[in-house]
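Could you put the whole structure together from the sequences, leaning on the hints where they help?
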Amino acid sequence: MSIFVDEQTRLLVQGITGRDGSFHTRQMIGYGTKVVAGVTPGKGGQVFDGVVPVFDTVADAVRETRANTSVIYVPAAVAASAIFEAADAGIGLIVCITEGIPVLDVTRVLPFLHERGARLIGPNCPGLISPSKSKVGIIPGNICQPGRIGVVSRSGTLTYEIVHQLSTHGMGQSTCIGIGGDPLIGTNFIHCLSAFQADAGTDAVVMIGEIGGTDEQQAAEFVQTTMTKPVVGFIAGQTAPPGRRMGHAGAIISGSSGTAAEKMAAFARAGIAVMKRPADVVPLLRERM
Amino acid sequence: MNLHEYQARDILRRHGIPVPPGEVAETPEQARAIAQRLAGKEGRVVVKAQVHAGGRGKAGGVKLAKDAAEAGEHAARILGMSIKGLPVRRVLVTPAADIASESYVGIIVDRASQRPVLMVSPAGGVDIEEVAAKTPERIHRLAVDPRYGLLAHQALGLALKLYRDMPQARAAAGIMQRLYAAFYAVGASLMEINPLVTTPDGTVAALDAKIVVDDNELERHPEIAALRDPSAEAPSEVQAREAGLTFIKLEGSVGCCVNGAGLAMATMDLVKYYGGEPANFLDIGGSSNPQKVVDALRIITADRSVRSILFNIFGGITRCDDVANGIVQATQQFPMTVPLVIRLTGTNEALAIEILTKAGFSALTDMDEAVKQAVAKARAA
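Line order of the protein sequences matches chains E and A.
Just so we're aligned, residue 1 is where the first sequence starts under this note's numbering, counting upward by one.
Just so we're aligned, residue 1001 is where the second sequence starts under this note's numbering, counting upward by one.
FYI, nobody ran anything at the bench for these hints, they're computed from the structure.
Think of the CB as a built atom: it goes at the ideal place given N, C-alpha and C, for glycine as much as any other residue.
Wrong hints could be hidden among the right ones.
Stated by the list, open to error - Simulated restraints on C-beta separations:
| hint | chain 1 | residue 1 | chain 2 | residue 2 | range |
| --- | --- | --- | --- | --- | --- |
| 1 | A | Ala1181 | E | Arg288 | 22 to 30 Å |
| 2 | E | Thr225 | A | Gln1332 | 56 to 64 Å |
| 3 | E | Asp56 | A | His1140 | 47 to 55 Å |
| 4 | A | Ala1152 | E | Thr225 | 50 to 58 Å |
Said to hold, decoys possible - In silico DSSO-like cross-links for lysine-lysine, where the CA-CA straight-line distance does not exceed 30 Å:
| hint | chain 1 | residue 1 | chain 2 | residue 2 |
| --- | --- | --- | --- | --- |
| 5 | A | Lys1210 | A | Lys1272 |
| 6 | A | Lys1084 | A | Lys1134 |
| 7 | A | Lys1134 | E | Lys276 |
| 8 | A | Lys1210 | A | Lys1134 |
| 9 | A | Lys1161 | A | Lys1134 |
| 10 | E | Lys276 | A | Lys1372 |
| 11 | A | Lys1249 | A | Lys1377 |
| 12 | A | Lys1377 | E | Lys276 |
| 13 | A | Lys1058 | A | Lys1210 |
| 14 | A | Lys1249 | E | Lys276 |
| 15 | A | Lys1372 | A | Lys1272 |
| 16 | A | Lys1134 | A | Lys1058 |
Said to hold, decoys possible - Chain E side only, calculated, beta carbon under 7 Å to chain A, not exhaustive:
| hint | residue |
| --- | --- |
| 17 | Leu104 |
| 18 | Thr107 |
| 19 | Ser155 |
| 20 | Arg244 |
| 21 | Val274 |
| 22 | Arg277 |
Given below as structure tokens:
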């Protein structure tokens, strides 16, 4: 079992003929993801690598291929428009890899998705992978192993680091999901924790947060009140100075809130095992499971 | 990107918000001439440092002058000073206004409600975070539905929290609606009018303004991007931005070069965990380009306080061999005066280790081990 993506995922790639889109489409197909369609306006009728039909619009692609999930690799300036289009065509799960989308664009996208009941993962995220079932996005498949640990993270390469630790110690994953490093995102920690709690294939969850905002504090409250599965947590940015954006648009300590110390304390209060460093993940999970 | 006060005032004025006159000067002579033109020879003016730092007033960067001559003297002093390490290169000169009341109006994008939130307070002219901490009941908030914008009755409702006088409340409501329009028009992540003032004749106007623009908006707003003031940033950070890197200078001695912001922060934290201090945050990004590594090393090695350099690369999209080639190219272009500790794992790791070994470097695959070594080498140097 897994969350959000699995063998039933029929994937559509928006921006399939671009540099990033084409590279990662090949990676996803190689991993075994069912990539059923691509969309690049003006290239409808082509066939990508001889196997994936390309359409001019998402609506055409959905009608012809019954795609139920979309992954977006288009440039930032048109990414919001790509999300609107996917939701309008009835796609239920939209994964936006593109980084650098203006936050105000996202303020307009989110109510539109909400009205149509579509879920957005990202933007500015590495996507997600349910090992040996389906990979949607850019998480390297070779570092993952199928298993029973759920992983949810605001980061990209830091997630790989921690997943790599899990896999090399024989702890496979049900689903690994990167929710993105922007201030406004479609799917937050609580959405993922709640899905992992409900998933019969997940025994424990690793939550990787960072400085900025209060998502981790709210997630901690959710863990305390609602979750029965063990949760292990990490917060990046203990040494980050206030007022400076640490790469991710969302990773900024503003005033006295959003610090790593504050988030780690919230984790500890909620009974989440707090990692001091990435290498603590395996021992802490063993302790709690 | 932060805008200066004079730039923010221009933007508000262009959006129809009443802003008292004021002009920017780069020399004491200009400041004197502006004071005389706007307030007359004997008129009082305020001279304000234009610098991206809070606490300008406390640092002596805001001065009231009794006449144009004194405005020149104040400008001479302020233009020579640094506030929080940032040199003051411009001053704003405005006629001193008689103020009957001061309030606060601001808009931010709120992460919790995922909407722009308008905040107003009758406690203007002071740091709003302080008001929020001490008297939270004096701040009124409204999350605006971006589909419909700030509606007239919503703006008036907030304005009535600030003014009892209906004409003044209506004027303030109009300012709020224009501020909301400006927020989306320039792609801001923060806009503040602090204080919003009333003068003895009842006029409502924006006396001081602050605007922060979302960096992701700059590409489609070249006119805003052109307002960037490179003199207000550390030269190494300007250089990094031009090279497509994200770099933030810190105080320690272990230079860090990492791919990905989260891993970069976790690497800095691990340096601290093992008793060292990171010299910087540096994210080379996801792309695979040896030139970025060369540029990164050039920036890190220019920092005199760096005693060792730590590479921490987890190859996904980033190919380890590209990073290895970048390291080798850099050492051919300029001398490496401090020890390098290289950790890389993931995509094309074996190829990378081969490239590095041939060039006389060794590489590790474990993050903790690499950080420990980098900290030890920084200590020994």
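These are the hints, each one checked on the structure:
1. Distance hint check for Ala1181(A) and Arg288(E): the Cβ-Cβ separation is about 51 Å, which falls outside the suggested range of 22 to 30 Å.
2. Distance hint check: the CB atoms of Thr225(E) and Gln1332(A) are about 58 Å apart, consistent with the given range 56 to 64 Å.
3. For the pair Asp56(E) and His1140(A), the beta carbons lie near 48 Å from each other, so the given range of 47 to 55 Å is met.
4. In this structure, Ala1152(A) and Thr225(E) break the distance hint of 50 to 58 Å, their C-beta atoms being roughly 40 Å apart.
5. Our distance criterion of 30 Å between C-alpha atoms is broken by Lys1210(A) and Lys1272(A), whose separation comes to about 35 Å.
6. A distance of roughly 26 Å separates the Cα atoms of Lys1084(A) and Lys1134(A); the hinted pair therefore holds under the 30 Å criterion.
7. With a C-alpha separation of about 33 Å, the suggested pairing of Lys1134(A) with Lys276(E) is violated against the 30 Å cut-off.
8. Distance restraint check for Lys1210(A) and Lys1134(A): the Cα-Cα separation of roughly 22 Å lies within the 30 Å cut-off, and the hinted pair is therefore satisfied.
9. Only pairs whose Cα atoms come within 30 Å are accepted, and Lys1161(A) paired with Lys1134(A) is accepted, the gap being roughly 18 Å.
10. Between Lys276(E) and Lys1372(A) the alpha-carbon distance is near 15 Å, which keeps this suggested pair within the 30 Å criterion.
11. In summary, the hint linking Lys1249(A) to Lys1377(A) is supported, as the alpha carbons are separated by about 20 Å, within the 30 Å threshold.
12. Taken as a hint, the Lys1377(A) and Lys276(E) pair is honoured in the structure, with Cα atoms around 23 Å apart against an allowance of 30 Å.
13. A threshold of 30 Å between alpha carbons decides the hint, and for Lys1058(A) with Lys1210(A) the separation of about 18 Å falls inside it, so the pair holds.
14. Pair hint Lys1249(A) plus Lys276(E) holds up; C-alpha atoms about 24 Å apart against a cutoff of 30 Å.
15. Annotation: proposed proximity of Lys1372(A) to Lys1272(A) holds, straight-line Cα distance about 10 Å (limit 30 Å).
16. About 20 Å separates the Cα atoms of Lys1134(A) and Lys1058(A), which keeps this hinted pair within 30 Å; it holds.
17. With a least beta-carbon distance of about 6 Å to chain A, the hint placing Leu104(E) at the interface is held under the 7 Å criterion.
18. For Thr107(E), the shortest C-beta to C-beta distance to chain A is roughly 5 Å, which falls under 7 Å, so the interface hint holds.
19. Taking 7 Å as the C-beta cut-off, the interface hint given for Ser155(E) holds, the closest approach to chain A being about 3 Å.
20. Hint status for Arg244(E) relative to chain A: holds, with the closest Cβ pair at about 5 Å, below 7 Å.
21. A distance limit of 7 Å between C-beta atoms decides the matter here; for Val274(E) the minimum to chain A is near 13 Å, and the interface restraint is violated.
22. Among the interface hints, the one on Arg277(E) holds; its C-beta lies about 5 Å from the nearest C-beta in chain A, closer than the 7 Å criterion.
When the structure is compared with the earlier hints, violations turn up for hints 1, 4, 5, 7 and 21 and for no others.
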